[in-house]
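Colleague: The lines below spell out each chain.
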Amino acid sequence: MLDPLALAVALPLLGALLVTMLPGWSRTLGMLAALATTGVALWLTVIVWGGEGLRSDLGGWGVPLGIALRADGLAAALVAMANLVALAISINATGYFGAAESSRKFWPLWLLLWTALNGLFLAADLFNLYVMLELLGLSAAALGALTGTREAAEANLRYLLVGLLGSMTYLLGVALLYTAYGALDLELVAEALTPGPVAWSALALMIGGLLLKSALFPLHFWLPPAHANAPAPVSAALSALVVKAAVYLVLRLWLDLFDGIATLPAAMLLGLLGAGAVLWGSWRALRAERLKLLAAYSTVAQVGYLFLFLPLLTATPDGAERERLLTALVLLALTHGFAKAGFFLAAGLVQKSTGHDRIRELGGAAQSLPAATFTIGLAGVALIGLPPSGAFFAKWVLVGQAIALGQWWWALVAMAGTLLAAAYVFRVLARAFNREPTPKCFLTDPRTEIPALLLAGLGVKAALVPLHGWLPQAMVAPAPVSALLHAVAVVKAGAFGIVRVVYDVYGVEFAHDLGLLTVLGVLAATTIIYGSIKALSQDGLKKRLAYSTVSQVSYIALGASVLGPIATIGGLVHLVHQGIMKITLFFCAGNYAETLGVHRVSEMNGVGRRMPWTTLAFTVGALGMIGIPPVAGFVTKWYLGLGAASAGAYWVIGVLLVSSLLNAAYFLPILYRAWFRPPPEHWPKEPVLSKRLETAPALLWPPVVTALLAVVAGLLAAAPFSPLEWATLIAEREYGR
Amino acid sequence: MSHEILLTQLLYGSAGLLFFLLGAWSFISHEPLWRKLIALNIMGAGVFHVLVAVAYRGLDTPPDPVPHALVLTGIVVAVSATALALAFGRRLDREEPEQTSDIQGVDDREDGTHA
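Keeping their order, the protein sequence lines are chains R and G.
Under this note's numbering, the first residue of the first sequence carries the number 1, and numbering increases by one thereafter.
Under this note's numbering, the first residue of the second sequence carries the number 738, and numbering increases by one thereafter.
With the rest of the complex left out, here is chain R:
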């Protein structure tokens, strides 16, 4: 009997061992392990999706002696998404690292990180959580230092030591619990736990240790220097991912294990520390002299917001209100993850191009680095919590519930923090925008700017498309990998974003009554048209695709804004379809750049003859984007149109028509060039790859397969487990009752 729970942890671990023993085969073996793990994770998800939660005692040893793994709905969802993203990273890593020395170092660490991730989600006992947390920390620290620079080593050493202090404290808490109750299993301990000195000490030790890892004021001391001195992508990953993982565990313990033990005064204490973090972090950010230090202190403040939720959660009885608070909490964490990752990447760009990141001397940065400055602005919107960012919705719920419970002081803290955040963000922007003349070109270095931009944009859009926390791992991956991931990210956004925010937080009817849906719809329609027009004027292939993503993502919001089940299906299914098609296009763009050195649309004459398979895949993706049957994009637009007509929102059909025309206008010229223009005599870069295939197999197969998927998803839209079926299920659950 094969056990998907055990395999999900064992397979990447086995892979890590194999690639360590046979470094010459690391790519092949690593890919095999990645594929197998993802397969198992999806299998696990299908099982949990179809029935009850899974639980398995390893080796047949029951509790309290054995080690148990379990998967409830949430864990399964997280596992599925984390693994899909990890697979995409792996596929691209094969093409990206090639056979370089860094590939051999990358694979073992990456697979270990993957093991720890799956283990953390599935662990059912306190001690396993400790082991997985340590494994995650160790492999993250090592991966972070992969660049080999001194700064990276120093930052990661400091993080490692503080992380160890935190986990030792956590472990002492575990030892206390075991002494008193003789169990480690989360459920068993939760049942046996009674209020008393032991439970309180354990609570204090465990939560305290994790607070150190999540850098809550006044235990934040290690974060600003570590995050500000590390290389920008590492800081982005640390701020967005590692800190969040600890916060996640705090919540899990607080809500699952110590529910009932954690008294209101204890929650108040954490809330108070959170308030201190919000005010102190924001104040220090306001006074910071360097851009990255500002971002790091802002992280301290943002973690504080998350802890403001705890006293409210403890005081709110189970029910819709509590669910709404939890959703807002998760939303805030995600928004901050994206915004801060984007902010750090942009700060890195500023530092790289100007040689420093002193805020005082930023004058004219907006002129020389428009995209980076725009990114900081976008991220700032999310950090302040302006609409339409996810932070706005989260803070709205926070303030509303604080006042409803009579704990109005948290609302005051949140508002003061918002004002301070506005002050520190505008301080940067005011410096950046004070010189003439205006720049000629928006993007100066698309390869590095677009990921930052997209991240910040996602932060702002998180209300429309919040992903869950694993995307920031993309930052561990090299730049093109992350560009690719944004396409996948959009896929994941849907189920968690639209459904959670518009439906769970507000409820469709309520949101409609508020007029929220109309605002959302108008914003979405504007974004669709704006993104399409911008895409039309881009010569860089990846730039054009990026603007196209901006436009396409808003279809999802458009679907959610039209009140009615059919348009909802259209919007949701678009999440998946758009992801498949856009990933195809990004893969192809990468292949052109990698094989022929073609980066611009104007260089694409005749690429169809040189690289027929890649171009075929690109064609399928592009046709799908326009919405031509039988590609998946057609299903989406059909449902959106039908839904709009049945809800009487005829203006949506107009938007669909105009945007489809624009899509055709920016994709068809590319296809015309690729297939019908004669190729140039010399490509910008002559391929030295295999003679039989048009490019390296690792680069060729992904787009061909995803293009095939796009057609299949369109043709077999009514088949079980197709994206359309899933979306219909979700829509029925929302509107059915």
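Among these hints, one or two may not hold up.
Stated by the list, open to error - Each pair of labels, with its calculated beta carbon distance range:
#1 R:P218 with G:H767: 17 to 23 Å
#2 R:S353 with G:S766: 39 to 45 Å
#3 G:T745 with R:P265: 34 to 40 Å
#4 G:P802 with R:W408: 50 to 56 Å
#5 G:V816 with R:V522: 58 to 64 Å
#6 G:H767 with R:R55: 53 to 59 Å
#7 G:L829 with R:D318: 49 to 55 Å
#8 G:S766 with R:H356: 30 to 36 Å
I should point out that these hints are in silico values taken from the structure, not numbers from a laboratory.
Backbone N, C-alpha and C define an ideal beta-carbon position, used for all residues, glycine too.
Given the structure of chain R, go ahead and fit chain G onto it with the hints provided.
Modeller: What follows is chain G alone, placed relative to chain R:
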């Protein structure tokens, strides 16, 4: 008899807690990273001490195996973490840090600039 067990456990357990506190104090009050690393290992020893004390059930009864397993796992984790920290420290101690150019080289390649 049970009195002796209790006393032994109490002694070992308190010694473990004392270790933990000493290590924590040393970690917080000393700046050099090496001292912090040593302090961490002392804290770890303290926690393991407590767990070993918990496992003791008298001379006639075999000890509880679960805490022993925990201690063994904990030691492995602590050793790995210490090794990684030492590796980082060695990198830091080099006067001229070696520039590993793999990653940068790959970065260039994607952009096609090296060609």
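Colleague: Now look at each hint and say whether the structure bears it out.
Modeller: Results for each hint:
{"no.": "1", "hint": "R:P218 with G:H767: 17 to 23 Å", "result": "holds (19 Å)"}
{"no.": "2", "hint": "R:S353 with G:S766: 39 to 45 Å", "result": "holds (42 Å)"}
{"no.": "3", "hint": "G:T745 with R:P265: 34 to 40 Å", "result": "holds (37 Å)"}
{"no.": "4", "hint": "G:P802 with R:W408: 50 to 56 Å", "result": "holds (53 Å)"}
{"no.": "5", "hint": "G:V816 with R:V522: 58 to 64 Å", "result": "holds (60 Å)"}
{"no.": "6", "hint": "G:H767 with R:R55: 53 to 59 Å", "result": "violated (45 Å)"}
{"no.": "7", "hint": "G:L829 with R:D318: 49 to 55 Å", "result": "holds (50 Å)"}
{"no.": "8", "hint": "G:S766 with R:H356: 30 to 36 Å", "result": "holds (34 Å)"}
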